[in-house]
Amino acid sequence: MGYETLIAWLGPQFGNYFRPTMVMVNALLVNPLNNLTMVAVWAIAGFLGGVIAGKKAGAFVVGLVSWLSCFVVLAFCVVQLFMGGLDLGSLPPVPPGESLVYVLSVPLVQSAVGSLLGLISGSGGTPDFASLIVPVLVWFFVPLIIVTVAAIIGGTIRKKE
Amino acid sequence: MKIACKHIATIALVIFLVVVPVAAVNSPGRQYAPAQEFDPGEFLQVLFTEGAELAFSSIDQNGVPTVIYGQLGIPSAQLQLSSEMYQGCLVMALAGVHGELLNYLLGLLGNVSGSSGLLSSERFVPMQGGSTFDPNQLLDMLGSEFNLMISAFLNLDAQVSAQRMSAIAAHLQSTFGFTFSPLFQIRIDQSIIPEGMNLTLPFSSLDVYIYQVTNEFGPLVSAVLGVMDQDGFLSSFNQTMFTTARASGAILVAIPDIAELMNLVNNTMGGAGFALSQLPSLSGPIAVAGVGYIGDQVLSATSTGLSIGSLFGAPSFDPLVEGMSVVVVNMPNDVPISSYTPVHVNWSFYDNISNIVVWNATAFGFQMAYNLWFAGNEFPPLISIERSFSPTTTGVGGQTQVTVTVTNEGTSPITSLNLTDRGFLDYYKTLNVTGTTSIAVLSLAPSESTSITYTVTFRNEGTYTFPGAVLHYTYNSTDFTKSSPKDGFTVTSSFGSVLFQMISDGMPFSGLVVGLIALGGIWQVYGLVRKRPSAGTFQV
Numbered sequence: 000m001g002y003e004t005l006i007a008w009l010g011p012q013f014g015n016y017f018r019p020t021m022v023m024v025n026a027l028l029v030n031p032l033n034n035l036t037m038v039a040v041w042a043i044a045g046f047l048g049g050v051i052a053g054k055k056a057g058a059f060v061v062g063l064v065s066w067l068s069c070f071v072v073l074a075f076c077v078v079q080l081f082m083g084g085l086d087l088g089s090l091p092p093v094p095p096g097e098s099l100v101y102v103l104s105v106p107l108v109q110s111a112v113g114s115l116l117g118l119i120s121g122s123g124g125t126p127d128f129a130s131l132i133v134p135v136l137v138w139f140f141v142p143l144i145i146v147t148v149a150a151i152i153g154g155t156i157r158k159k160e
Numbered sequence: 000m001k002i003a004c005k006h007i008a009t010i011a012l013v014i015f016l017v018v019v020p021v022a023a024v025n026s027p028g029r030q031y032a033p034a035q036e037f038d039p040g041e042f043l044q045v046l047f048t049e050g051a052e053l054a055f056s057s058i059d060q061n062g063v064p065t066v067i068y069g070q071l072g073i074p075s076a077q078l079q080l081s082s083e084m085y086q087g088c089l090v091m092a093l094a095g096v097h098g099e100l101l102n103y104l105l106g107l108l109g110n111v112s113g114s115s116g117l118l119s120s121e122r123f124v125p126m127q128g129g130s131t132f133d134p135n136q137l138l139d140m141l142g143s144e145f146n147l148m149i150s151a152f153l154n155l156d157a158q159v160s161a162q163r164m165s166a167i168a169a170h171l172q173s174t175f176g177f178t179f180s181p182l183f184q185i186r187i188d189q190s191i192i193p194e195g196m197n198l199t200l201p202f203s204s205l206d207v208y209i210y211q212v213t214n215e216f217g218p219l220v221s222a223v224l225g226v227m228d229q230d231g232f233l234s235s236f237n238q239t240m241f242t243t244a245r246a247s248g249a250i251l252v253a254i255p256d257i258a259e260l261m262n263l264v265n266n267t268m269g270g271a272g273f274a275l276s277q278l279p280s281l282s283g284p285i286a287v288a289g290v291g292y293i294g295d296q297v298l299s300a301t302s303t304g305l306s307i308g309s310l311f312g313a314p315s316f317d318p319l320v321e322g323m324s325v326v327v328v329n330m331p332n333d334v335p336i337s338s339y340t341p342v343h344v345n346w347s348f349y350d351n352i353s354n355i356v357v358w359n360a361t362a363f364g365f366q367m368a369y370n371l372w373f374a375g376n377e378f379p380p381l382i383s384i385e386r387s388f389s390p391t392t393t394g395v396g397g398q399t400q401v402t403v404t405v406t407n408e409g410t411s412p413i414t415s416l417n418l419t420d421r422g423f424l425d426y427y428k429t430l431n432v433t434g435t436t437s438i439a440v441l442s443l444a445p446s447e448s449t450s451i452t453y454t455v456t457f458r459n460e461g462t463y464t465f466p467g468a469v470l471h472y473t474y475n476s477t478d479f480t481k482s483s484p485k486d487g488f489t490v491t492s493s494f495g496s497v498l499f500q501m502i503s504d505g506m507p508f509s510g511l512v513v514g515l516i517a518l519g520g521i522w523q524v525y526g527l528v529r530k531r532p533s534a535g536t537f538q539v
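Read top to bottom, the protein sequences are chains A and B. For the first sequence, numbering that gives the first Met the number 0 assigns the number 0 to the initial residue and increments by one for each residue that follows. For the second sequence, numbering that gives the first Met the number 0 assigns the number 0 to the initial residue and increments by one for each residue that follows.
Think of the hints as simulated: they come from the structure by calculation, not from any bench.
Taking beta-carbon pairs under 8 Å as the criterion, some of the chain B residues facing chain A (in silico): (1) N146; (2) Y426; (3) N459; (4) V512.
Bear in mind that the values here come from a model prediction, so they are computed numbers and not experimental data. For every residue, glycine included, the Cβ atom is placed at its ideal position computed from N, Cα and C.
If we strip away everything but chain A, and leave its shape as in the complex, we get (with noise of 0.2 Å):
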C-alpha cells in the first residue's frame, strides 16, 4: 500500500520510470529483519535458477546474473528519472484519500527512518553518518548474498549428470 501511494503521489512529477524504479529499489534494498517477502522472493529465485543451472558454479553465475541484472535495470530507470527532469520545487499534494502515513509503513522507509532516530539518540547530537550508510549497505549486499547461497544449494540438491 506505502509504495501505491508513494507512485499514486509522485508518479505525476517524476514520469513512467518512477514505478519500475520504486520495484527496483524495493527488490534492491531488503532489510532481513522486517521484510520477509522479499527475502522469500529472492531465496525461491536463486534456488530455482540453481536447480535450472545443476552446477555450482553455474549457480553462482545465475545468482549473481539475477542480481546484476535488476541492478542494471534500477540504474538505467534512475537515469531515466532523472532525465525526464525532476522538478521537486513543486511538489505535488498528497492525494485525497491517500496519507503519508502509508508512505512510512513502507518497510524501506520504516527501516531508514528508524535506523536514522536510533543514531540520533545516543549520539550526542551529531550522528554518525558512517553509520547511516553500513545498514544501506547491508540491505543492498543482503540479496545478492540470499540469491546466490540459495542457488548453490539449488545447484547442489539437482546435480546435473
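With chain A's structure known, arrange chain B on it following the hints.
Using the frame of chain A, we list chain B on its own:
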C-alpha cells in the same frame, strides 16, 4: 482583531480537545470577554472531575456548520487507565482525520493568529532562496487520511516501556476494535544532548511510540465513540454524520495521571501556563474523546432558524446521568440571534458579543430540541459547486473532460460571479489543458446554472490532486467565497500503456535497450535454428 464566528469555533475546538491550550498560553493577541462573572478554572475543574459532554456547533458566514461532539474527564473504566500497563505512561493520544479537516483547522488557526500569528506563512521564511514557506504546503504533504496513535512513557526502562506499549495496543484492539501497526519509536535521554550545550533534561528518559491506526475511518470513529459513555447525547445521535461529511475527524487522549503531566510541563516550560493553571488540584486519570465534522451549507437566505438536533441527526437530547451535559452553538457575528429555546434564567446563556448560546442540558433534562431563530436573508442562497470527470479514470496518455457547474439552488439571484478551477496547474507541468478554466458571470438567477468545461491530457500515471474550484460572488452587497471539495483523478497504469510511454519518454536510450534485447532474442532464435539438427544438446 475582530472576533468572527469561525474564530470562536476554533477556540472552542482547540480548548476542548486539549491540543493547543499550552501553545495558546503564549498567544498575546487573544482576548477573553466574559459577559457575566465566570471562572474558567472552576468550570474546567468541574468538567474534568465530574465528567462532561459537549455538543458544539458553529455556523460560518456561508451557512456551513462545524460540528463537534466530545466527552471529557471520563476516567472510563473500560480504558483501564489505572492498570499496570499505563504506569509510567505520560499520555496516549489517538487521532484520525478524513477529508480536508487538517487544512480547514490550519486555516482557522492561521486566521485566529492573524497575519503575523503563530501559523502565518510570514513566519516561515527560509534563510536561503528568498521564497516564503506556506504551512499549508506542509499539511498537503501529510495527506487527508491521517490516523496515528502516539504514546509517551517517562522514566522507564526501554524494554518495560515497549512491553507496556504493546499491552496498551492489545487492550485497545481487543476492547474497542482499534487496529495498529507500529511505525517508529524514539528514546529521548541525556545522551542525545551534545556535551557542549550544558543542558540537563528534567527526566531520565522519554520513550515515544508512534503507531499507525489501520482501521478504515468509519470503524475508527465507531471505536472512538465506543470509548465514550454511551448514555447522554450519544444515545440519540446519528453517528454516520461524523463519517460521511466532506471533512471529519476523531480524537482520543488519555492521561493516566494529569498531575504527573502537569509536573513535567512545569519543569520543562518553567510554569504551567494559563490552561493548566486553571486546574491546580487535578490529579489521577482523565480522558478526552471527541468526533467532529465540517458539513455542507445548511443555512441559506430563506432560513430563519436552526435546530441543533439536525446537525447531529438527533431527534432528541437526553443528558448524561452522571456528569455535565452542555449544548453550545455559535453564529456569525453579523447574524443577530432574535430568540432561542429552551430559555431559563440560570440554565441558558447568550453572549451577544461572541454571538454564542450555551445551554446547561443537565439542568434542562430531556429535551426534544434546542433551537435558535434569526431574521431571514442573513445567509447567501444555497449555492452548489460540483465538479465531474468524464471518464472518471483514464490510462497513461489518456484524457478526461472536467466540468465544474455552479447552481443557484436558492430563491434569490447572486451577482458578480467569478469561477476559477486552475489550482492543479500549480502542481503539474506535464498536463496538457484545453478549454476554459475560469469564467466571469454577471448574475445567476434562482435555479440557473453556469459551468466551465476543459479537457486534460495526462502523460504520466498517478493520482492527480485537483484543489477545490473557487467561486467568488456577491449577494446582498456582501462578497462571498465558496469552493468545491478537493478531488483526486487517477491515471491508471496498464502494462502496455506504461511500457509504451516509458519507451517514448526514454528515447533514444530506451530504444537502444529495446534494440539490444531484440537482437539478443534474434541471436538466440538463430542459434536454436542452427543447432536444430542436433536437438537434444539444449538441455535444461
